[in-house]
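For chain A, the structure is supplied; the task is to place chain B on it using the hints.
Each chain is listed here by its residues.
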Amino acid sequence: MAFSGKVRAAYQAQLKGIEDAGLFKRERFIHSPQAADIEVEFPAGSSLKKVINMCANNYLGLSSHPDVVAAAHEGLDTRGYGMSSVRFICGTQDIHRELESRVTAFLGTEDTLLFPSCMDANAGVFEAILSKDDVMISDRLVHASLIDGIRLCPAMHDTYKHSDMGHLEEKLQLHSAKRLKVAITDGVFSMDGDTAKLDAMAALCEKYDAMLLVDESHASGFIGKTGRGTHEKCGVVGKIDIITTTFGKALGGASGGCVSGRRELVELCRQRARPYLFSNTIAPVVVSGVLKVMEILSASTERRDKLEKNAAYWRKGLTEAGFVLKEGDTPIVPVMLFNAKLAQDFSLALYEEGIYAMGFFFPVVPQSQARIRTQISAGHEIHHLDRALEAFKKVGKKFDILGRTKQEIIAKYGM
Amino acid sequence: MPIEGLKDIVLNYVTKEYLEDDSEPLTYDTPLISGGIVDSFSMVSLKRFLENKYAISIPDEDATPEAFDSVNKVADLVERFVAKKG
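Chains as they are written, first to last, in the numbering used here: chain A, 1 to 415; chain B, 1 to 86.
With the rest of the complex left out, here is chain A (with noise of 0.2 Å):
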């Protein structure tokens, strides 16, 4: 037996070793749709609780959209469960390329290919369009993805102070014999809410010949006045040479991701990027859900002025309770509790009073920055958001954080 006695043991230890460091991840089962009323089972066995989400990426509601519900079981109808293939041998139906087409015109780029995830699309952009005589400069706060993608890619690799465009700058120069350069940044950093300076970004990436590729992950859909994304509220549609976004948030929230941007940098990633070469690609019925979210999304832009409401609604209510918030004008608002204990116990009693909203603590986030990360959706209705300030300000007076500053909850609960 290879999984000896001895073997078990040490994973065994390494699995403790995570616990002992407050670090275990348990997961929690809904036993509803995706919504903002949900149902949960917490901790595991226990009874049913009825809770307000506030931790979903469900930013425009329409994770469990009846329309989109029914445009998934015509394409399961229509086009079948799977593929059995991936794309290049007998895996591409015509929904996939339409939904290509959809992307493309969707975002203002030149092209788009599909991928089982964003996670997957991060994996396999940069090794398909770069070699070892090439640099990638990323943001210092890019997501997982983006870092697993650049690890996988021979590349050098740099990166430059969050949102310094000073930095970048520097590092731009710095490596201007390169043959080809690469800016790398999340479009809105999912931790803090914040949005990229695309439209300097982009200057610069003209001034230094450099391509700029943006994670649009948290912005597809519903940031900009159309919900185009991160480089629609910066004015620089046409100008992003490269844009990986998902579609299981914002847009439908089931799976599936993509590369969309210069003809010739997507046609290379249809010929090289291994995830989408040896992984079959999303499902019928996810492709025919995601063609109906883009197709409510081109009709109006109601879903995105109710979220960009909501949030603005959400943020004032906090404000004005007295918690300290990250600044910030998206759907990410994250209230700062800086202790990961504090974070944690926050959580349960939030829970309790039936509000699901999650802590991050390191490593997820740097150390002494622990918080609540609430995330505000369009299907969330004002008794929502109105039930949800009620269970935070009750919570809040219980640890009496409300109106402290950030030097005061740390003196009172530590780093």
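To be clear, the hints were calculated from the coordinates, so they are not data collected in a lab. None of the values given here were measured: they were computed from a predicted structure. One thing to keep in mind: the hints can contain errors.
Taking lysine to any residue and the SDA-like style, the derived pairs with C-alpha atoms no more than 20 Å apart in a straight line are [to be verified]:
hint	chain 1	residue 1	chain 2	residue 2
1	B	Lys73	B	Ile3
2	A	Lys161	B	Lys16
3	A	Lys326	A	Met415
4	A	Lys406	B	Ser23
Not the full set, but computed from the structure, chain B residues with beta-carbon under 7 Å of chain A [as the list claims (entries may be wrong)]:
hint	residue
5	Phe41
6	Ser42
7	Val44
8	Arg48
No residue lacks a Cβ here, since even glycine has one placed at the ideal position from N, Cα and C.
Just chain B, lined up with the frame of chain A:
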């Protein structure tokens, strides 16, 4: 042979390049990579800076996370390659 001011040059560069404004000040022995101050990705800019400044080339096999783990260790590495250059 020690290079005049080398350690302070490295320390100043690391402080400017990697530290946030409210960070604790560095010493020559502060663990940089194992201490989480410099991630192994970001090491490349320090390497390029030193190579340009001292007109040396540090091969990848010598540019290990261990060799870059403190100002003292970085200074040793640079001195070794400057000496090699003759």
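Status of each hint after checking the structure:
no.	hint	verdict
1	B:Lys73 - B:Ile3	holds (13 Å)
2	A:Lys161 - B:Lys16	holds (10 Å)
3	A:Lys326 - A:Met415	holds (17 Å)
4	A:Lys406 - B:Ser23	holds (16 Å)
5	Phe41	holds (5 Å)
6	Ser42	holds (5 Å)
7	Val44	holds (5 Å)
8	Arg48	holds (6 Å)
Of the numbered hints listed earlier, not one is contradicted by the structure.
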